[in-house]
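Engineer: Here is what each chain is made of, one letter per residue.
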Amino acid sequence: MKKVLKNNLVGIPRAISYYHNYPFYYGFFKSLGIEIVLSDKTTTKTINDGSKYVVSDTCLPIKVFTGHVINLINKGCEAIFIPSIQSTGYKINNCSKIRGLPEIIRNVIDKPFTMIEPTLDKTENISFKDFCEQTANAFGITDKQEIKKAIDNGWKIYNSFWEMTKSGVSYTDALENAINGKIIKKTVDIVKPISVAIMAHGYNLFDERISMNIIRKLEKMNVKVYTSLNVSYNDSISSIHSLGEIQYWANELELTGTAAYYLLNNKVDGIIALSTFGCGPDSLMVDEMMYHCKEAGMPLIHLTIDEHTGEAGFITRIEAFTDMLLRKKRMHLDKKSFDSKEHIQNKKIVEIKKEKILTSSIK
Amino acid sequence: MNIVKKLEQKKMENTIPAKDRIIAWPRMGRIDIPLKALLLSLGAKVVIPPANSNEALEIGVRNSIEGICLPYKLNLANYIMALDKGANTLMMFQAPGSCRLGNYTKMAQKTLKAMGYEFDMVIFDMYKSKMKQTLHAFWHVTHCINPWRYYKGFSLGFNKFFAIDTAERLLFYTRPRELHKGDAEKCYNKWLKITDETNSVWKAKKLKKQVIEDFKKIPIDKNKKVPVVYLIGEFFVLLDPYTNQNIEKELGDMGVEVQRQIMFGDWLEHVLKPSFFYRKESHRERSVRYAKKYMKRAIGGECIETIGDTVYAAKHGIDGIIHISPFSCMPEIVAQNILPKVSREEDIPTLSLVLDEQTGKAGYITRIEAFIDLIKRKQLKKFNNM
Chain A
66 MKKVLKNNLV GIPRAISYYH NYPFYYGFFK SLGIEIVLSD KTTTKTINDG SKYVVSDTCL
126 PIKVFTGHVI NLINKGCEAI FIPSIQSTGY KINNCSKIRG LPEIIRNVID KPFTMIEPTL
186 DKTENISFKD FCEQTANAFG ITDKQEIKKA IDNGWKIYNS FWEMTKSGVS YTDALENAIN
246 GKIIKKTVDI VKPISVAIMA HGYNLFDERI SMNIIRKLEK MNVKVYTSLN VSYNDSISSI
306 HSLGEIQYWA NELELTGTAA YYLLNNKVDG IIALSTFGCG PDSLMVDEMM YHCKEAGMPL
366 IHLTIDEHTG EAGFITRIEA FTDMLLRKKR MHLDKKSFDS KEHIQNKKIV EIKKEKILTS
426 SIK
Chain B
-8 MNIVKKLEQK KMENTIPAKD RIIAWPRMGR IDIPLKALLL SLGAKVVIPP ANSNEALEIG
52 VRNSIEGICL PYKLNLANYI MALDKGANTL MMFQAPGSCR LGNYTKMAQK TLKAMGYEFD
112 MVIFDMYKSK MKQTLHAFWH VTHCINPWRY YKGFSLGFNK FFAIDTAERL LFYTRPRELH
172 KGDAEKCYNK WLKITDETNS VWKAKKLKKQ VIEDFKKIPI DKNKKVPVVY LIGEFFVLLD
232 PYTNQNIEKE LGDMGVEVQR QIMFGDWLEH VLKPSFFYRK ESHRERSVRY AKKYMKRAIG
292 GECIETIGDT VYAAKHGIDG IIHISPFSCM PEIVAQNILP KVSREEDIPT LSLVLDEQTG
352 KAGYITRIEA FIDLIKRKQL KKFNNM
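In order, the protein sequence lines correspond to chains A and B. The first sequence begins at 66 in the numbering used here and counts up one residue at a time. The second sequence begins at -8 in the numbering used here and counts up one residue at a time.
These are calculated hints, taken from the structure and not from any lab test. Quick reminder that beta carbons are idealized off the backbone N, C-alpha and C, glycines included. Some hints here could point you the wrong way.
In silico SDA-like pairs for lysine to any residue, Cα to Cα no more than 25 Å straight-line [unchecked claim]: (1) B:K372 x B:P138; (2) B:K283 x A:C358; (3) B:K332 x A:C358; (4) A:K110 x A:H397; (5) B:K287 x A:K359; (6) B:K332 x B:Q349; (7) B:K123 x A:G154; (8) B:K2 x A:R171; (9) A:K359 x B:R160; (10) B:K101 x A:C358; (11) A:K176 x B:K372.
Covered stretches of chain A (in silico footprint by chain B; criterion: 3 or more residues with CB under 8 Å from a CB of chain B, positions within the stretch not fixed) [what the hints assert, rightly or not]: (12) 148 to 159; (13) 290 to 302.
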């Protein structure tokens, strides 16, 4: 513990809770005067390193997480931040593997390092403030005023990050600017023939290795992509309720919430569900969305990935899906023009996009 | 907030008048015997779905999603079979915050309604104020207001649970030691039948004693050196003999004594009894105490029990651990990750078996046999060193 204090350095693995909460962590640790060391971006080596330590049934994100911890240890990091986020609301629990992250890491990695393992469990009355205090206490900081200031600073950066992403700024840009204390706004919105919403965990979607850069790939195919970052908390929770469901999983907002919001708003032409093999919560949430999409007539594709997924097959499936969406839309618009007897000469999709922008301008 | 409340009410549907209800519940091991006694004494009509089998599993697999765990598939099959047999009310408990179990009922309800069945689903929450919830659920399905009947039902149910548990424990003890193969099994089946037929509280209370006396009559070889193995893992898989491919019998026939820490009666007593009546240390509390070195927090499911029991076993001279879990069970995967370290540090052999609908029995038995050989050799080594 003394060593940690001397260095005042904390390692944060670039996995699991990093993807949504890093802006907060950054502001919080910076205000406390603790420097952050991030692990390198996920590569195949990270996955292989992680797979060596855990049993084969473990899901891909946990393997990636373990790989990142190994990476941090190799970098010489002595204190590693591994939070256990048990529940984010009364009876709203997380997946067992995320709840037990510190337990897994403690027992599989046999190397000397200090683990900072705060618990957030709102079902058992361990609030977010306690979570932050536990973290600060691990570094020997007990001054409540200082911790409160750090929390406020964390929220500030977190909020500006979310403000940017909601306006349509991409994840990486938003993260970079939020950390630098800037707020940018997306002014020009490029019109694209079709748009899809991706329902996936942040740690799968924004990890370029795990998701195989699906967002970039889709944008290259001229598809507008909406993710959980574009939907606010209130919107997603009310969408879940209006579908007649209740939130059960802590990260349900990223999946069911996002998909439900776009399904109800009719903003998108299709939904892509991206999940890793053997994911427990996903198996239920995707099925739930499949049921609702079937009723509403919304196309949904379920892509399952694991460490062996080949990129070529992955691209083919996305291409087939977007082609199908395009054809469906064209057919729909043809029919519409016949009905209203407004003969549209140019059937090119680009023309019709204007209608789309009017009905669904972003923000 | 209103929506949430409305959804909460969905848990106890009320479309069928109480007197027309025909009640069914999913099967797990022998819980049908005590539950039947309880519901019959409350004046309800019941339907018992056929025991889990390949046919049931096939029905379940056909109608459920790909990624869900094995217990759900069997539960769904039980519901379908019961509805086909004429049931119109389905009962199930749920425990939010444990794992996917909290979503089982919601999923089953949706799937069955989509299949065109008409029924009421009655769900009782096992999170807080369990006894109140349970009583409310039973009142809801039967509309019985006679307290004597409740007393009779619950006491019959509990006593039958304890009798079955005792018989099971004695069966595990006797099977590897019996002189004539099959005696213990025969005795166990006989007592299951008698337990099922018992209809008065007075007789039910004596069951446990009678079972013990009857098992004592079976001739056994008391001096036989029998390796003792703990069976731990996921709740459903442990308690359902079809799902675990009757591992207890296989082990017993190999001459191994099985001990199981999770018994349905014990669990139910701990869950339902108000805390001021329940004075002994519960299984969970003991597990938390023993698992402290490896786990600092409970993470849902039976993960902490698995680890705690392993450490407990190592400290009490048990020869080995067999850990069974359904495929893709989230808490048990965490346990699987932790077990190798526990095994190394506490010096106890462990074997993790993952079960799903594709599990082949031959490969499964080979692994168990190899494990038992290892245990026996280890035991021998210990004796030689002494």
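Engineer: Next step is simple, just say for each hint if it's right about the structure.
Structural biologist: Verification of the hints:
1. Between the alpha carbons of K372 (chain B) and P138 (chain B) the distance comes to roughly 60 Å, so the proposed pair goes past 25 Å and is violated.
2. Between K283 (chain B) and C358 (chain A), the direct Cα distance comes to roughly 45 Å. Violation of the 25 Å bound is thereby established for this hinted pair.
3. Annotation: proposed proximity of K332 (chain B) to C358 (chain A) is violated, straight-line Cα distance about 45 Å (limit 25 Å).
4. With a C-alpha separation of about 46 Å, the suggested pairing of K110 (chain A) with H397 (chain A) is violated against the 25 Å cut-off.
5. About 43 Å separates the Cα atoms of K287 (chain B) and K359 (chain A), which puts this hinted pair outside 25 Å; it is violated.
6. Our distance criterion of 25 Å between C-alpha atoms is broken by K332 (chain B) and Q349 (chain B), whose separation comes to about 29 Å.
7. The suggested pairing of K123 (chain B) with G154 (chain A) holds, with an alpha-carbon distance near 24 Å, which does not exceed 25 Å.
8. Taken as a hint, the K2 (chain B) and R171 (chain A) pair is broken in the structure, with Cα atoms around 39 Å apart against an allowance of 25 Å.
9. Using a Cα cut-off of 25 Å, the hinted pair K359 (chain A) and R160 (chain B) is violated, with the two alpha carbons roughly 50 Å apart.
10. In summary, the hint linking K101 (chain B) to C358 (chain A) is supported, as the alpha carbons are separated by about 14 Å, within the 25 Å threshold.
11. Under the criterion of a C-alpha separation no larger than 25 Å, the hint pairing K176 (chain A) with K372 (chain B) is inconsistent with the structure, at around 32 Å.
12. Look at the segment 148 to 159 of chain A against chain B: 5 of its residues bring a Cβ nearer than 8 Å to a Cβ of that chain, three or more, so the hint holds.
13. For the segment 290 to 302 of chain A, the stated coverage by chain B is not satisfied: 0 residues place a CB nearer than 8 Å to a CB of that chain, which falls below the threshold of 3.
In the structure shown, a violation is registered for the earlier hints numbered 1, 2, 3, 4, 5, 6, 8, 9, 11, 13, in ascending order.
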